[in-house]
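Peer 1: Since chain A is already given, all that's left is putting chain B on it; use the hints.
As a plain string of letters, each chain reads:
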Amino acid sequence: MYRLELIGIGKQYPAVKANDGVHLRVRPGEIHAVLGENGAGKSTLMKIIYGAVRPDEGEIRWNGRPVRIASPAAARRLGIGMVYQHFSLFDTLSAAENVWLGLDGSLALDAVTQRIRDVAHTYGLDVDPLRPVHSLSVGERQRVEIVRALLTDPQLLILDEPTSVLTPQAVDKLFVTLRRLADQGTSILYISHKLDEIRALCHHCTVLRGGKVTGEVDPTRESNASLSRMMIGTEPPALQRRAQEAGPVVLAVDGLNLARQDPFGVDLHDIRLEVRAGEILGVAGVSGNGQQELLAALSGEDRRASPAAIRLSGRPIGDRAPRLRRRLGLHSVPEERLGRGAVPTMSLAQNTLLTRTESVGRGGWLRVASVRALARRLIERFQVKAAGPDAAAASLSGGNLQKFIVGRAIDAKPACLVVAQPTWGVDVGAAALIRGELLALRDAGCAILVVSEELDELFEISDRLVVVARGRLSPTVPAAEATVERIGSWMSGLWSTPAGAEA
Amino acid sequence: MLMLEPRPAPSRVMTLASPLIALLLTALVAALLLAALGKDPLEGLRVIFAEPLSNRRQVSEVLLKATPLIVIALGLAVCYRANVWNIGAEGQFLLGCVGGGGVALWLTTQGIVLPKVLGLPLVLAAGMLGGMLWAGAVALLRDRYNANEILVSLMLVYVAQQSVNALVFGPWKDPQGFNMPQSAMFHASLHLPPLLERTRLHVGFVAALVLAAAVALFLFRSFRGFQLQVGGLAPAAARYAGFSSRSALWTSLLLSGALAGLAGAMEVAGPIRQVTPYLSTGLGFTAIIVCFVGRLHPLGIVVAGVLLSLMLIGGELAQSRLGLPNAMASVLQGLLLLILLACDTFIDQRLRWRRATGRAA
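Residue numbers (the working numbering), protein chains in the order written: chain A, 1 to 503; chain B, 504 to 864.
Per label pair, the in silico range of CB-to-CB distance: (1) B/GLN852 with A/ASP183: 40 to 50 Å; (2) A/LEU239 with B/ALA716: 45 to 55 Å; (3) A/ALA108 with B/LEU654: 36 to 46 Å; (4) A/ASP118 with B/LEU519: 51 to 61 Å; (5) A/GLN114 with B/ALA830: 50 to 60 Å.
From chain B, some residues computed to sit far from chain A (all C-beta separations above 10 Å): (6) THR518; (7) LEU644; (8) LEU841.
Simulated from the structure, these hints should not be mistaken for laboratory data.
In this text, a Cβ means the ideal position worked out from N, Cα and C, and glycines have one as well.
Isolated chain A, as found in the complex (with noise of 0.2 Å):
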């Protein structure tokens, strides 16, 4: 008998069919991965299953008898547990009271923080229960999330994209975790687009593309090109890295320090690192270690420095702000692409003027066609899918806006561009586009700082391998010498002993 079955699930959203004629059976104590790219149904699938959305067609079996779950409180009611991957948490409250709220109501808090304690323990997911949910880190936040699922005792636990934001070593950790919960019987849906992991993980794998059933395989025994192809319909071209000289350095940050604005932030501490030209450095690290910090001082959204801290091309530019260092050629990319990449209720067209100000006319007048004229060049130049210049930010898919907020700063032919989680939560199409074009600006001699909590990306783009921790800068190595192990002890903020000696 199935734990859960779905029998020809359909569901139509006015612009697109989100799901068609999806079959999926997990089986108890099974970790099924259901894997797609970005907007291949996904999403609304496990929403279906979570109560969140209704399927339009379809039959819904739980433990072999049919069920219409009509909310998520339905759907714990049953035992199904989720994980999303925006996490729904209140800042302002601590863990233990997050997770109080999502109860019944029948535990005390004092008993929903010793239960938090016990569950943490049980499954080695390290959480204090006490710490307001604003203080804690990404990667911490997950594990919140994951406790709040498991303390209802779900027979059925879905993770949407769980890895994004964490290190190699929680991920192994994480799936220790998992095994362990499926070994009880737990049965797992694991919502993922990374291969490997998949791979390394699951049972049983069920392929989406365009809301439909591509394939329905033993993911141990396929290979990642053959996964790529069920979800992709064809294979990403590889990327091709020139080995070039690099030129003189352009962005060079020597002895930055800054107090933490935020309570919860992170102090940096004595920061040193050079970009040449015509160079991509990676900079790795587990969320909240002080990437944010770096960011913000970097493009110039934290001002604090000391104006020699921060060098481009040699000129002190630690305590100028945003708009003067894209003038002298440094852009910057943030993390976070809806509400601060672009603003969601404007178009595109008004979006491109949060840096790219040549539209703007004598007197501080638009020239209206020449702003709409670029958004348009970018859309065609970054394959961007959008209705037009007019369409709001807030209607792309988000790897589409990234295509567009990144292209917006490769389009101004910057000399020194700063980039923030390139590709996160960006289907793999558009990945390797983003890449592919990082790269091609890496050729064409812009020096390339990115930060990313994807391992994978960074040794697949950068020249020279850098990792932040705990408001450090660890020593620079080359990306050809490093090591996921040796980067990955490093993001523990562990290399001021010999490395060797920490394995």
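Peer 2: Structure of chain B alone, referenced to chain A:
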């Protein structure tokens, strides 16, 4: 069971239809209220909504009252789009009356008669300065001491009203005024020229339309206006882009202060022609409603300004013709805003009927 479900994209139809539906529902609730008060609902609605449009004089009064509403609301729209919650336009309006009225009174009492093209701009400019001063105080307190602009601007309204009282009960009191708390009438050269013969409607209404166009240009065609709105919609994006939030705060407050002050100066130089303690009947607060009913859009504000003015005058008529309480006009305003906000829910959401709750398992 009825459920609200988020729409994939905001509904264009509802964006336009929502104010109309709100107006209809407001009329419906008003009819019920009238019936509950023992009046003929249809007659009541006719007096409130149709009577103010029944003849030339009435229409001119509607447009006259709409003028300050529109001018104030235009400034507020800039503030609200920049996410600066200026609730104290009433106070800025009163300071405009004080500034404009003060200059007009001084010129009058000194016996200085300037040509109209010189005297009137002086009065209006003084009014704008007065409004900017009051709004600037709010900006300063927020900028320097991080004081909440909602509270500060609101409290400054009462300071403004008391300042007006102090002036008209004291130094500005007309010596020939039988000790009434009001100033002397301004010299005729300082009156705003009428727009229609034998009505009180003055050129200020045309100015309001021109200003609406100017504010629209500022908001939708200038980089400055764009920056302000980015700051309001997505502060993090404004920081990333390097748009200064301080400059947005000051610009939007000074602009709305100037417009509210101008509205005040136009009131004293227009229909009132002197300074009294009863300069404003809550115009600065009604303008907030105008602003939202007009969707923070200059064109919408012109329409909403006329509509709210109509309801104000209709409320007054209902009071005199039907013996309704004078609270009726405020009740209608409040109803309209509440119902509009409720209707706006359906721009981003839609109602779905769900059969059984689907008891799980």
